[in-house]
Amino acid sequence: MHKDYYGLLISTLSFRHRWKWQIILPYGGHLTSNNDYSTPEEALLGGKSWIDSETAFNALNSCLAQFYSSGLINPPEYQNLMDSLRGITQRC
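With the first letter of the sequence shown counted as 1, position 63 gets the number 63 in this note's numbering; the numbers rise by one all the way through.
No wet-lab data here; the hints were simulated from the structure.
Bear in mind the structure is a predicted one, so any value in this text is a computation, not a measurement.
There's no promise every hint is true.
[Unchecked claim] Here are the simulated lysine to any residue pairs, SDA-like style, with alpha carbons at most 20 Å apart:
| hint | residue 1 | residue 2 |
| --- | --- | --- |
| 1 | Lys48 | Pro75 |
| 2 | Lys48 | Asp4 |
| 3 | Lys20 | Met1 |
| 4 | Lys20 | Glu42 |
[As the list claims (entries may be wrong)] If you anchor each label on the Cβ, the simulated ranges turn out as follows:
| hint | residue 1 | residue 2 | range |
| --- | --- | --- | --- |
| 5 | Ser69 | Glu42 | 19 to 25 Å |
| 6 | Glu77 | Arg16 | 43 to 49 Å |
| 7 | Thr39 | Asp4 | 15 to 21 Å |
| 8 | Asp4 | Ile73 | 33 to 39 Å |
| 9 | Ser38 | Leu8 | 43 to 49 Å |
Where a beta carbon is used, it is the ideal one built from N, C-alpha and C, also for glycine.
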């Protein structure tokens, strides 16, 4: 089972009676989920959610870095905003 999502191919892999998502990158590499899912449909949704979360994190991180480098926000504000962003996108 697979799905094209914004030009990225998300496929499912069977793993010990569970499922994982795998994203095939345009340059030939791939990413595989650390989590496993009960069904292939859940795995596909997990892959889509991961792409959405990474996209949001990278876009907002870029904006915050620009604000910081231009002096619009100070170091503590930048750190607080980044901490919030990590929490929202569930990144460590």
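Outcome of the hint check:
1. Lys48 / Pro75: 33 Å, violated
2. Lys48 / Asp4: The given pair, whose Cα atoms are some 10 Å apart, holds under the 20 Å limit.
3. Lys20 / Met1: 11 Å, holds
4. Lys20 / Glu42: 9 Å, holds
5. Ser69 / Glu42: 19 to 25 Å: 40 Å, violated
6. Glu77 / Arg16: 43 to 49 Å: 46 Å, holds
7. Thr39 / Asp4: 15 to 21 Å: Since the Cβ atoms of Thr39 and Asp4 sit about 20 Å apart, the hinted range of 15 to 21 Å holds.
8. Asp4 / Ile73: 33 to 39 Å: The hinted range 33 to 39 Å holds for Asp4 and Ile73, with Cβ atoms some 37 Å apart.
9. Ser38 / Leu8: 43 to 49 Å: Violated - the Cβ-Cβ distance for Ser38 and Leu8, about 23 Å, lies outside 43 to 49 Å.
Hint compliance for this structure: hints 1, 5, 9 are not met, and every other hint is.
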